[in-house]
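Engineer: The listed protein sequences derive, respectively, from chains A and B. Every letter in the first sequence is one number past the one before it in my numbering, and letter 80, counting from 1, is 810. Every letter in the second sequence is one number past the one before it in my numbering, and letter 146, counting from 1, is 902.
Careful, some of the hints might be misleading.
[As the list claims (entries may be wrong)] Lysine-lysine pairs mimicking DSS-like chemistry, simulated, CA-CA at most 27 angstroms apart:
#1 855(A) <-> 823(A)
#2 877(B) <-> 922(B)
#3 855(A) <-> 877(B)
#4 789(A) <-> 922(B)
#5 904(B) <-> 877(B)
#6 804(B) <-> 819(B)
#7 789(A) <-> 864(B)
#8 803(A) <-> 789(A)
#9 819(B) <-> 922(B)
[Claimed, not checked] Computed beta-carbon distance windows for the label pairs:
#10 927(B) <-> 782(A): 33 to 43 angstroms
#11 758(A) <-> 800(B): 24 to 34 angstroms
#12 758(A) <-> 927(B): 34 to 44 angstroms
Please keep in mind that the hints were generated in silico from the structure rather than gathered at the bench. Ideal Cβ positions, reconstructed from N, Cα and C, are used throughout, including at glycine.
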Amino acid sequence: MRIAFLFILLLSLESQAAIDAYPFPNDELRLRHIALIDELRCPQCLNTNLAGSDSMIAKDLRREVHRLLLEGKSDDEILDYMYQRYGDFILYKPRLQSGTLVLWFGPVFLLLIACVVLFRLLRSKKTVVNELSEADSRRLEALVKRK
Amino acid sequence: MSINKNLLIPLTAFVLLVIVLAFGFRLEDPHYLPSELIDRPFPEFSLKDLHDPGRTLTAADIKGEISLVNVWATWCPNCLVEHPELIRISQEEGIALYGVNYNDESSKAIAWLERHGNPYKFNMVDDNGTLAIDLGVYGAPETFVLDKHGVIQYRHVGAVTRGVWKSRIFPVVELLQTQMGEG
Numbered sequence: 731m732r733i734a735f736l737f738i739l740l741l742s743l744e745s746q747a748a749i750d751a752y753p754f755p756n757d758e759l760r761l762r763h764i765a766l767i768d769e770l771r772c773p774q775c776l777n778t779n780l781a782g783s784d785s786m787i788a789k790d791l792r793r794e795v796h797r798l799l800l801e802g803k804s805d806d807e808i809l810d811y812m813y814q815r816y817g818d819f820i821l822y823k824p825r826l827q828s829g830t831l832v833l834w835f836g837p838v839f840l841l842l843i844a845c846v847v848l849f850r851l852l853r854s855k856k857t858v859v860n861e862l863s864e865a866d867s868r869r870l871e872a873l874v875k876r877k
Numbered sequence: 757m758s759i760n761k762n763l764l765i766p767l768t769a770f771v772l773l774v775i776v777l778a779f780g781f782r783l784e785d786p787h788y789l790p791s792e793l794i795d796r797p798f799p800e801f802s803l804k805d806l807h808d809p810g811r812t813l814t815a816a817d818i819k820g821e822i823s824l825v826n827v828w829a830t831w832c833p834n835c836l837v838e839h840p841e842l843i844r845i846s847q848e849e850g851i852a853l854y855g856v857n858y859n860d861e862s863s864k865a866i867a868w869l870e871r872h873g874n875p876y877k878f879n880m881v882d883d884n885g886t887l888a889i890d891l892g893v894y895g896a897p898e899t900f901v902l903d904k905h906g907v908i909q910y911r912h913v914g915a916v917t918r919g920v921w922k923s924r925i926f927p928v929v930e931l932l933q934t935q936m937g938e939g
C-alpha cells in the first residue's frame, strides 16, 4: 500500500516536471538544456534560476536555450549569447574579469590573512611560554635541585 | 592604561569591511540590470507591423532620426501608467516614438491603442519575445533612446513618468540634438 502511494507520488512529480517539456532528439541535448537553465539566472527574479521561475521572461529564455541547442550551439556560445544581452546578472557563476576579481579572490585573500594572523598568534604565545625571567629560572632550578 | 595596538587592527578591518559591504549592497536597486546594449546598434529584427500585418518592419525602418523605442503590452499595468506621458511626448516633443508590442495578442493591442490613444509611429509585433530578448528586456515597460544612426544611447526600465522624462530621458535627447546640430 505504502509503496503504491510512493509510486503515485513519483508519477505526479514526473508529470509536473514535464509541463513545458521541449522535444529533444537525444538525451545529451536534454541534459545540457537542464544544466543550462539551472545555471542561468532569471533576469526578473532576484534569486531564482530559469528552471525554477514561472515568469514570462524565464519561459521565453528556456525556449531560447532550447532553440540554440537545436541549432548546434555549444554551452559556452549559449552562455555568451545570454551574457551579451543580460550581462553579469544572468550568470550564477560570474566571469573572471576586473569587476569580479574581489568576488572571486576576496574570500581567498581574507582566508590568507586569517591564516597569517593565526600563525603569528600561535607563535607569539609559544615564545611567551618559553621565555622565563632570570629570577624565575633560578627559582625553577632551585625547585628541581631540592627534589 | 595602555591598549595593545595589535588588538585594534582586526577591529578596524572588520568595521571597514562592514562599511564597504553595507554601501555595496545598498548603492543600487538589486532588481535593476544595467543594459549591455548601450552604444551598440539596435538589434536586427524582422517583425510584422501591428496595424498592417502585410508589412514587415526591420531595423532600417527606425534609423535616420533620434527616436524612442518603447516595449509595451496590454498585460502590463505600468504601461497604462506611462501612456499619457508617451502621448504627450509624441505630440509635444517632436521625437519619433516606436512601439514593440511584447508577448501580446495583436487584436487586444489594437483595441487597447484605440481606447487609450496611439502615440506610436508604428508598432512591431514581437509575439515570441525574440526582439525583447535581443534587447535584454526583462519586464515591460522599457524605453530605449536611439540616435539617428540607430545606436542605443540610453535605456529606462519602468514607466516613463513626467519626472523620468525631465530628469533622465530628455537630457539624453537634448545632448543628441546638440551633437546633431554640431555635426
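Engineer: Please write out, lowest number first, the hints stated earlier that are contradicted by the structure.
Structural biologist: Going through the list in order, the structure violates hints 1, 3, 4, 12 and respects the others.
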